[in-house]
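**Student:** Here are the chains, one letter per residue:
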Amino acid sequence: MGLELYLDLLSQPCRALYIFARSNSIPFEFKHVELMKGQHRTEEFRKVNVLMKVPALRDGSFTLAESIAILLYLARKFKTPDHWYPSDLQKKARVDEYLSWQHVNIRGKGSKLFLTKVLLPLLTGQPLPPEKLEGVTEELNVVLKQFEEKFLQDKPFIAGSEISLADLVALVELMQPVGAGYDLFEERPKLAEWRRRVEEAVGKQLFQEAHEGILNIKTLTADKIAPELLEHFKHQLLKQASQN
Amino acid sequence: SSGQHRTEEFRKVNVLMKVPALRDGSFTLAESIAILLYLARKFKTPDHWYPSDLQKKARVDEYLSWQHVNIRGKGSKLFLTKVLLPLLTGQPLPPEKLEGVTEELNVVLKQFEEKFLQDKPFIAGSEISLADLVALVELMQPVGAGYDLFEERPKLAEWRRRVEEAVGKQLFQEAHEGILNIKTLTADKIAPELLEHFKHQLLKQ
Numbered sequence: 006m007g008l009e010l011y012l013d014l015l016s017q018p019c020r021a022l023y024i025f026a027r028s029n030s031i032p033f034e035f036k037h038v039e040l041m042k043g044q045h046r047t048e049e050f051r052k053v054n055v056l057m058k059v060p061a062l063r064d065g066s067f068t069l070a071e072s073i074a075i076l077l078y079l080a081r082k083f084k085t086p087d088h089w090y091p092s093d094l095q096k097k098a099r100v101d102e103y104l105s106w107q108h109v110n111i112r113g114k115g116s117k118l119f120l121t122k123v124l125l126p127l128l129t130g131q132p133l134p135p136e137k138l139e140g141v142t143e144e145l146n147v148v149l150k151q152f153e154e155k156f157l158q159d160k161p162f163i164a165g166s167e168i169s170l171a172d173l174v175a176l177v178e179l180m181q182p183v184g185a186g187y188d189l190f191e192e193r194p195k196l197a198e199w200r201r202r203v204e205e206a207v208g209k210q211l212f213q214e215a216h217e218g219i220l221n222i223k224t225l226t227a228d229k230i231a232p233e234l235l236e237h238f239k240h241q242l243l244k245q246a247s248q249n
Numbered sequence: 022s023s024g025q026h027r028t029e030e031f032r033k034v035n036v037l038m039k040v041p042a043l044r045d046g047s048f049t050l051a052e053s054i055a056i057l058l059y060l061a062r063k064f065k066t067p068d069h070w071y072p073s074d075l076q077k078k079a080r081v082d083e084y085l086s087w088q089h090v091n092i093r094g095k096g097s098k099l100f101l102t103k104v105l106l107p108l109l110t111g112q113p114l115p116p117e118k119l120e121g122v123t124e125e126l127n128v129v130l131k132q133f134e135e136k137f138l139q140d141k142p143f144i145a146g147s148e149i150s151l152a153d154l155v156a157l158v159e160l161m162q163p164v165g166a167g168y169d170l171f172e173e174r175p176k177l178a179e180w181r182r183r184v185e186e187a188v189g190k191q192l193f194q195e196a197h198e199g200i201l202n203i204k205t206l207t208a209d210k211i212a213p214e215l216l217e218h219f220k221h222q223l224l225k226q
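Chains E and L are the protein sequences, given in the same order.
Here the first sequence is numbered in our numbering, starting from 6 and rising by one per residue.
Here the second sequence is numbered in our numbering, starting from 22 and rising by one per residue.
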């Protein structure tokens, strides 16, 4: 039994792993865990990841959760080219800095916009109140500004002249609000150029293949979601809505 | 609380206007996880802090990643809700609000014990690592706010004792003196412009 990656490409961190592994020709078995069918909440998957989340890795008897940890594990184990996680102390620190900051910021706000725009109306059966969409869009705009001003600046990539894990993780997260219908690259030419560079560095075809599902997510209807998952989401999102 | 993180001078160190930040010559760095790793590597600290063993290192990375939204997220939320919100609104905290944030923290505490700590002395195994230190300082925030989460969690309390001993009890206590006295904080001790900023943040949420 070789390396197994438990993935659903609708999930941003899963796409980062998929693209990284394929781009570096890392051999792995793609274990599809369909979130919409609630397959992440089965007893079987729980043995791989007790937190019941994708992505997850199984390498022999070793299991690992959290995409950042898995990316670093693969980069080290398969000795991928240095630019992915540079040996230079300061460049490596720049990558760590982004990978840390992004959880709450780009990932946090990008996910929030996606869930609010795509999932909430499906759960409530009501159209989304415009002020709610404006609110989550503004929160994302704030962190996009910080991303451009602090992390990207005038460099080709976050760590400097070459692509690293930071750029890949950043871009897959930004594709989530794009899939939800917010074309955040449209009025941000510098960001759009950076996106083109990242796609080219990993391979345009691979990137597009990984994003096919999320870019067609607006066709999602409530009947395509497993009933127990709908209930779970309702509980989560409406609890969040009442707190926010 | 005096708003010194929002000055032009500090902005030159960290444009995100947050602490902690590092400056090493002309090199500046934000984000505590990045800074911890930078220091561990630059000063070649003992291996257990960030083990060279691939799988142990991955366990540390796994916790450091998960904690942002979970232990840190929910611990901070409880602290801000319990300590700051009443100061901003001038009203006592509604009990159901405190119950809500406490329950959210309890959920991640359970995950912490069941997945990350289990029956091991420390997160990565037999020795302390960056993961334990980052975890414990975050848990001290709700403790400072008055939620003694260690009281009915003996395994967690034992782990805390081990971590304090590993870093040095006196040093740990010295570092936590401020936060453990935070309940004496009153609105007049907070810079006015910061109060306004917080009101906007917390009440928007």
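Since the hints were derived computationally from the structure, they do not count as laboratory data.
Please note that the accuracy of each hint is not assured.
The calculated lysine-lysine pairs, modelled on PhoX-like cross-linking and capped at a C-alpha distance of 20 Å, are [unchecked claim]: (1) E:K155 to L:K98; (2) E:K52 to L:K131; (3) L:K78 to E:K82; (4) L:K136 to E:K58; (5) E:K150 to L:K33; (6) L:K78 to E:K84; (7) L:K78 to L:K65; (8) E:K97 to L:K78; (9) E:K155 to L:K39; (10) E:K96 to L:K77; (11) E:K52 to L:K136; (12) E:K195 to E:K160; (13) L:K136 to E:K150; (14) E:K96 to L:K65; (15) L:K77 to E:K117; (16) L:K136 to L:K77.
**Student:** When the hints from earlier in the document are held up against this structure, which numbers fail?
**Tutor:** Violated hints (numbers, rising): 1, 10, 13 and 15; every other hint is consistent with the structure.
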